[in-house]
Amino acid sequence: MNNVKLSGRLTANPELRYSANGRAYTQVTVAVPRQNDRDQADFVRCAVFDKLAEALARNCGKGRQLLVDGRLEVSTKDDPTTNQRRYFTTVIAHHIDFLHDPSYVGRPTPGFAPATANRPYQEPTTNQQYSRAV
Numbered sequence: 001m002n003n004v005k006l007s008g009r010l011t012a013n014p015e016l017r018y019s020a021n022g023r024a025y026t027q028v029t030v031a032v033p034r035q036n037d038r039d040q041a042d043f044v045r046c047a048v049f050d051k052l053a054e055a056l057a058r059n060c061g062k063g064r065q066l067l068v069d070g071r072l073e074v075s076t077k078d079d080p081t082t083n084q085r086r087y088f089t090t091v092i093a094h095h096i097d098f099l100h101d102p103s104y105v106g107r108p109t110p111g112f113a114p115a116t117a118n119r120p121y122q123e124p125t126t127n128q129q130y131s132r133a134v
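Under this note's numbering, the first residue of the sequence shown is numbered 1, with each subsequent residue one higher.
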């Protein structure tokens, strides 16, 4: 079973690109704090495709907290200058939860309705979920 879950923050704004056959994709790096030392982080490269990539580029920016669910892919490339094989690890995302957005600090939460005498408290609806079939 190849299943990876990461909780971290985007290190840069996602750039939406299109392949030669018109498929939308973006590659992002997610800073994932280490469990035993919150001052250190691992920077994990993630590839996102199709509608999920479009939603990520449209709704997320640098610093946005994400929960990424995907699979780990290891690829190799031969370096012609050193004649050594290099290994690259990438998480291929198939589901992303958009969590805390630092740009909304101090602003009202979209979807939040305060309690009134006629209407009970309604939970905020800021966690957006997007998935794609794998």
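One should not assume that every hint holds.
Restricting the straight-line Cα-Cα distance to at most 27 Å, the calculated cross-link-like pairs of lysine-lysine (DSSO-like) are [what the hints assert, rightly or not]:
id, residue 1, residue 2
1, Lys5, Lys51
2, Lys62, Lys51
3, Lys77, Lys5
4, Lys5, Lys62
Because the hints were derived from the structure by calculation, they are not lab data.
Hints, one by one, checked against the model:
1. Lys5 - Lys51: holds (20 Å)
2. Lys62 - Lys51: At roughly 20 Å apart (the allowed maximum being 27 Å), Lys51 and Lys62 satisfy the hint.
3. Lys77 - Lys5: This hinted pair holds, its Cα atoms lying about 26 Å apart.
4. Lys5 - Lys62: Given pair Lys5, Lys62 holds - Cα atoms ~20 Å apart, limit 27 Å.
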